[in-house]
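This is what each chain is made of:
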Amino acid sequence: MTRPSVLSLVSYRVFPPLMGGQKCVVDFYEHLSPFATITLAVAKDNKPEPKTNYQVEPFLFNHWGGDFNLIYIFRLLKLIKKNKVDFIIIEHSYFGFLGIILRFFSKKKLIVRMHNIEGHRFRDMQKPWWWIYLQYEKWVCKKADHLWFTASTDYHFAINEWKINTTNCSTLFYGIENKEIPTDIERFNCRKSIIEKNELNENTKLFLFNGTLDYLPNTDALRIIIHELLPRLAKRLLGFRIIICGNRITDEWQYELEQYPEIIFEGFVSDISSYYKGCDCFINPVTLGSGLKTKLVEALANNIDIISVESSTLAIDGIYSEKKYHSLKIIIGMRLLKP
Amino acid sequence: MSHHQNDGGHVTPAAFYEAFNWTQIIQKALLSLQEL
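First to last, the protein sequences are chains A and B. For what it's worth, our numbering labels the leading residue of the first sequence as 1, then goes sequentially. For what it's worth, our numbering labels the leading residue of the second sequence as 340, then goes sequentially.
Okay, chain B solo, but in the shape it has when bound (with noise of 0.2 Å):
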């Protein structure tokens, strides 16, 4: 179904829609924040 893969391996959709979260994205954000 997905065709985020080619012939070397593939990315599930999961991992994509993990990779691109904006919770997670902003939980990085904070945590930059946080160290600095």
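So here's chain A without its partners, still in its complex pose (with noise of 0.2 Å):
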């Protein structure tokens, strides 16, 4: 096959790449580049990085206000007969229908990557609309020439359910750049970093949590560390912290995690895996949403233990199931907690 040539909708802000969900999309493009030729057309409020290997195009709506890019499907078709793109890939099925319009004028092959089945993380959000999301999803799926998925789960409900045609679908993962586990050497380094950062005992049981704060899941995922956790690990467990990182916390959640001395808000750091490196035990109590949580996945590559609840760690098990490897089990212990 000759170099091909992709453009690539995105409907969200993905520079700078900072959290799971950024990384995923902008870190594929990257490991693509060198492969296929690239244009990405992102919304407007991306500021890309001027050393992209890839045409970064940010002159989107982003996916509220999704249907004015209409106004810019000749802009579109202009770039893809300028770039002589062969595949138009859009990136979560908010932009479905503005790939089945450029596929209609183009003739090029449409291609969905599905991160989540949205309608299900909208309903677990309790968004009222969600089940017309879910019928206009599944709409796309069945209108795209092909499907990516990041989580075999939605891969799953999309031929069980959807009835989706095997060949129109496959899984491609989230990626990690780690090629082995951490030594015990840069574990205990980047532990003692932690320990003296917050002039802790040297003893302390760190606990640890990621993810964007302003994302509903993680939020509750916050309410359920201060109102559930926490108590029960205060009254079992001496000398521990529990450590919050992740960007765009709202000022109330803020001033509400300080309120608590056993949690250490950090904000967004600029290398988690210092911290996956350095804690004791990942805690993943995000029970809303579905698709993989890179989260999950940074973690395992930083050989850390991690407690999850059980419906975020079902895509992991099913990569497994598929891979015939044996079932990789987290543990599963949030549930089993007494009050």
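Hints may be right or wrong, so weigh each one.
Restricting the straight-line Cα-Cα distance to at most 30 Å, the calculated cross-link-like pairs of lysine-lysine (DSBU-like) are [unchecked claim]:
#  : chain 1 : residue 1 : chain 2 : residue 2
1  : B       : Lys367    : A       : Lys51
2  : A       : Lys109    : B       : Lys367
3  : B       : Lys367    : A       : Lys107
4  : A       : Lys78     : A       : Lys109
5  : A       : Lys142    : B       : Lys367
6  : A       : Lys142    : A       : Lys81
7  : A       : Lys23     : A       : Lys82
8  : A       : Lys143    : A       : Lys81
9  : A       : Lys163    : B       : Lys367
10 : A       : Lys47     : A       : Lys23
Okay, the calculated beta carbon distance ranges per label pair [stated by the list, open to error]:
#  : chain 1 : residue 1 : chain 2 : residue 2 : range
11 : B       : Glu374    : A       : Glu180    : 31 to 41 Å
12 : A       : Asp251    : B       : Leu369    : 42 to 52 Å
13 : A       : Trp162    : B       : Thr362    : 22 to 32 Å
14 : B       : Glu374    : A       : Ala234    : 50 to 60 Å
15 : A       : Trp64     : B       : Leu369    : 30 to 40 Å
16 : B       : Glu357    : A       : Ser193    : 27 to 37 Å
17 : A       : Glu202    : B       : Thr362    : 35 to 45 Å
18 : A       : Glu228    : B       : Leu369    : 38 to 48 Å
19 : B       : Leu375    : A       : Pro261    : 54 to 64 Å
20 : A       : Asn160    : B       : Leu375    : 21 to 31 Å
21 : A       : Asn53     : B       : Leu375    : 20 to 30 Å
22 : B       : Glu374    : A       : Pro261    : 50 to 60 Å
23 : B       : Leu375    : A       : Asp271    : 34 to 44 Å
No wet-lab data here; the hints were simulated from the structure. No residue lacks a Cβ here, since even glycine has one placed at the ideal position from N, Cα and C.
Fit chain to chain and form the complex, with the hints in mind.
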């Protein structure tokens, strides 16, 4: 095959790529760029890095103003023609309708990269129109020439419930840069750094949570940490801290977290892997949303123990059964905690 | 050393890093483009 040319549409801010979902998009194209010519049309609130190995065009309305992008159809078609695009890729299903229109006029193949079943995510977020979106999403998936799923659970849902042909679907997971488990010395140094920075006793047990903190599933996880986990841990364990990393926290939530001496709010950290390596346990009380939790993959890559709610681990279990490995089991401890 | 294990079996770190390796993922993506 000659070097393919792709036009990808991204409906939200991915530059700079700070959190899991953003990295999942940007890292994919970064790693694809040696093998394909890439044009990324992204929402206009992006601030692309000058060093990207591909063309980034930040002019689209984001997904909440998605319909307005119809005015950019001719601009997108011009990009398709100019860059001799072979494939149109839509990140998430939001802009599926745009992809379908672009395919109609350009006769190029359409791929939708499904990071979640968004309809289910909206249902969990109690949006009353979730079922309408789910029907739209199903329609987009049926119309696409191919679907890439980042979670095998979503892949199976599309095949079993939406009756999408298996030949039109594949799973493309979230990639990691780690090649091997961190050494004991690396872990020791990272832990020492956290302990010293926060002036903690060296025997302190360090729990970690990380996420985009204005995203409802993660905000809900903060609620669970404070109201469900913290009181239980305080009863059973002496000398522990829960470190919370992530950007976009609201002032109200930051104030709330600051009320608890056992919680250390670090905000956004540029090197989250040093926290994965330096802490004793990653906690994942994320019960809302679907798809592959990139934070779990990163935690596993750094070989930190994980305590998670069961629902968040299904995508990872699915990966392993699909790959015919023995089932990966993260400690599913939270549902076992008694009041 | 690895905690990628449970009472029903275990996943080796090598298998984990292979499953989530970008090179593998990109090769799979290119293959599916080729088949379209």
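Evaluated hints:
Pair hint Lys367(B) plus Lys51(A) holds up; C-alpha atoms about 26 Å apart against a cutoff of 30 Å. Straight-line distance between C-alpha atoms of Lys109(A) and Lys367(B) comes to about 17 Å, which keeps the hinted pair within the 30 Å bound. For the given pair, Lys367(B) sits about 24 Å from Lys107(A) by alpha-carbon distance, which is consistent with the 30 Å threshold. Simply put, Lys78(A) and Lys109(A) have alpha-carbon atoms about 16 Å apart, close enough for the 30 Å limit, and the pair holds.
Between Lys142(A) and Lys367(B) the CA atoms are separated by roughly 21 Å; this keeps the pair inside 30 Å, and the hint holds. For the suggested pair Lys142(A) and Lys81(A), the alpha carbons sit about 26 Å apart, so the restraint of at most 30 Å is met. For the hint pairing Lys23(A) with Lys82(A), the CA-to-CA distance comes to about 28 Å; that is within 30 Å, so the pair holds. Annotation: proposed proximity of Lys143(A) to Lys81(A) holds, straight-line Cα distance about 22 Å (limit 30 Å).
Simply put, Lys163(A) and Lys367(B) have alpha-carbon atoms about 23 Å apart, close enough for the 30 Å limit, and the pair holds. With a C-alpha separation of about 14 Å, the suggested pairing of Lys47(A) with Lys23(A) holds against the 30 Å cut-off. One distance hint, 31 to 41 Å for the beta-carbon pair Glu374(B) and Glu180(A), holds here, with the actual separation near 32 Å. As the Cβ distance of Asp251(A) to Leu369(B) is approximately 45 Å, the hint placing it in 42 to 52 Å holds.
Between Trp162(A) and Thr362(B), the C-beta spacing of about 31 Å keeps the proposed range 22 to 32 Å intact. At about 55 Å, the CB distance of Glu374(B) to Ala234(A) agrees with the hint of 50 to 60 Å. Hint check: Trp64(A) to Leu369(B), Cβ distance near 33 Å, so the stated range 30 to 40 Å holds. The beta-carbon spacing between Glu357(B) and Ser193(A), approximately 30 Å, falls within the hinted interval of 27 to 37 Å.
Evaluation of the 35 to 45 Å hint for Glu202(A) and Thr362(B) yields a pass: the beta carbon distance comes to about 39 Å. A hinted range of 38 to 48 Å for the beta carbons of Glu228(A) and Leu369(B) is consistent with their spacing of about 44 Å. In this structure, Leu375(B) and Pro261(A) meet the distance hint of 54 to 64 Å, their C-beta atoms being roughly 56 Å apart. The hinted window of 21 to 31 Å between Asn160(A) and Leu375(B) holds, with their beta carbons roughly 23 Å apart.
Between Asn53(A) and Leu375(B), the C-beta spacing of about 23 Å keeps the proposed range 20 to 30 Å intact. Taking the beta carbon of each, Glu374(B) and Pro261(A) are about 57 Å apart, inside 50 to 60 Å as hinted. Checked against the hint of 34 to 44 Å, the pair Leu375(B) and Asp271(A) passes, with Cβ atoms roughly 38 Å apart.
Checked against the numbered hints given earlier, the structure satisfies every one of them.
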